[in-house]
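For the record, the sequence lines run as chains A and B.
Just so we're aligned: the first sequence equals residues 1 to 283 in UniProt numbering.
Just so we're aligned: the second sequence equals residues 1 to 173 in UniProt numbering.
Possibly wrong hints are sitting among the right ones.
Unchecked claim - In silico contact screen, one side only, chain B against chain A (beta carbon under 8 angstroms); selected entries:
1) I12
2) F106
3) Y127
4) L155
It should be emphasised that the hints constitute simulated quantities derived from the structure, not laboratory data.
Since we're looking at a predicted model, the values are computed, not measured.
Just so it is clear, CB atoms sit at the ideal spot from N, CA and C, and this is done for glycine as well.
Residues per chain, in single letters:
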Amino acid sequence: MNPRHPTEQDLHAYLDDQLDAERRQWIESWLQANPEQAAELEQWRVDARRLRARYANPEQWPDNPALDPAAIRRRQRANSQRWLATAAMLVMALGIGMTGGWKVHDMMTPPSISAQPMADAVQAYRLFTDNVSLDGNTTIDRNTAIDGNTAIDGNGIVDASDTAVSEPDANSREGIVKLFQAHFSDGIMPPDLSAAGLEMTSARLLATDQGPAAMVVYRDRTGRQMMMYIRPPGAGNHMLEPGKRIDGKLMAQYWSKGNYNYAVVSQPDDPNAAMLEEMLRES
Amino acid sequence: MSPPDDDQLREILPRLRRFALSLSQNPSDADDLVQATMEKAIGHWQRRRPDGDLRAWLFSILYRQFIDGRRRAGRYARLMQLFTSDPQTSASTEDIVVANATWEAFDRLSPEHRALLVLVSVEGLSYREVSETLDIPIGTVMSRLSRARRSLRDLDEGTSGEKPSSPSLWRLK
Chain A
1 MNPRHPTEQD LHAYLDDQLD AERRQWIESW LQANPEQAAE LEQWRVDARR
51 LRARYANPEQ WPDNPALDPA AIRRRQRANS QRWLATAAML VMALGIGMTG
101 GWKVHDMMTP PSISAQPMAD AVQAYRLFTD NVSLDGNTTI DRNTAIDGNT
151 AIDGNGIVDA SDTAVSEPDA NSREGIVKLF QAHFSDGIMP PDLSAAGLEM
201 TSARLLATDQ GPAAMVVYRD RTGRQMMMYI RPPGAGNHML EPGKRIDGKL
251 MAQYWSKGNY NYAVVSQPDD PNAAMLEEML RES
Chain B
1 MSPPDDDQLR EILPRLRRFA LSLSQNPSDA DDLVQATMEK AIGHWQRRRP
51 DGDLRAWLFS ILYRQFIDGR RRAGRYARLM QLFTSDPQTS ASTEDIVVAN
101 ATWEAFDRLS PEHRALLVLV SVEGLSYREV SETLDIPIGT VMSRLSRARR
151 SLRDLDEGTS GEKPSSPSLW RLK
């Protein structure tokens with residue numbers, strides 16, 4: 001049963017068409033008997049109309065292409081690629097350190113092609129900047145697997161288009177496992193971290209002078225990325241003392257185990273990185 | 001959940017820009033706010049409730065972005081600088097102007113009251129949707145709505161005989 005007088009909130013709900021038919025009719029009757037309140041409500045109605053008029057037809061406002069979803073996605077992809085390129089440079093710089101004995105005078109004298117200490121860095125950077133296909137959701141690039149021993153051209157740089165080889169379908173964790181079995185048979189597999197909300201978004205094989213290396217990128221639910229990196233030890237079977245280095249906004253943790261050197265690259269404050277490192281080191 | 005449908009997002013875009021403009025009161029800042037909202041929506045699509053209303057979800061992201069930014073920056077002008085780190089992708093104030101269709105009384109309301117009035121009176125959201133969008137109890141929606149309308153009346157009657165203005169138009173410079 002309705003009270004004798006509607007509350008003010010009832011009147012607003014009436015104005016905003018939020019009442020059922022019965023209550024609506026009750027208020028209409030009450031307003032007919034209360035012209036002062038009816039006039040006040042009418043003024044609110046005028047205000048609402050005026051507001052609608054003020055913000056009418058937003059679809060006719062000048063277009064802003066930057067707001068288009070496709071443009072937003074393109075920018076997000078570009079940011080992701082920039083992150084990966086930076087990460088790649090960081091681990092490749094680490095790779096140089098892994099080879100050991102890199103002295104300043106080595107930079108000043110032309111080394112033999114096969115021994116160029118930066119060959120893998122250049123290749124990786126080129127792959128990541130010229131041939132990246134990350135869209136953040138699905139991409140496991142399966143066309144960039146490279147045989148590092150046979151594909152280096154006269155400049156020590158791999159041309160991916162000439163050297164892409166057939167690889168297992170890596171659009172899945174199973175595919176990545178097969179890739180690792182094929183190239184890092186005695187190495188540590190990238191762990192499945194889906195239970196922790198981390199998705200493997202891409203895996204990529206890279207060439208080094210000592211054989212294939214690989215990067216596996218994980219992404220958490222907030223879009224934050226981290227990367228596992230595996231590569232053969234450098235010349236002279238150089239193994240790494242465990243350590244970490246921070247380069248700008250990225251941190252690399254690295255160590256050696258078995259026949260490989262490993263690194264985890266992440267944002268310095270990413271708690272997932274410690275988890276990944278621990279899992280890899282304890283595997 | 002399937003990735004966002006661009007056409008769906010495009011369809012809602014004008015309404016997002018309108019809501020953002022009502023909060024920011026500046027077209028360029030409003031578009032920066034919308035851009036930040038779209039980035040977040042696309043990046044966090046998995047968190048969306050499958051049965052939820054897309055428009056209300058986007059409005060809630062936009063409103064949170066606005067409020068969070070306002071808290072961080074202290075002042076609205078400083079907030080918007082946070083979203084303009086990439087000047088090539090934000091709308092240029094030189095390209096867009098708003099015609100002189102002002103409503104001073106409305107502009108002087110608090111952002112919370114402006115958001116409420118726009119969502120209810122312009123967007124036609126139900127009180128429950130508004131409650132979810134602004135993350136406040138439905139009882140607060142109703143009492144705040146009452147206060148907002150009274151404030152608007154008081155401010156409007158306090159202004160110097162301003163006539164209702166014509167609809168706001170955006171035009172190219």
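Output the indices of the hints that this structure fails to meet, ascending.
1, 4
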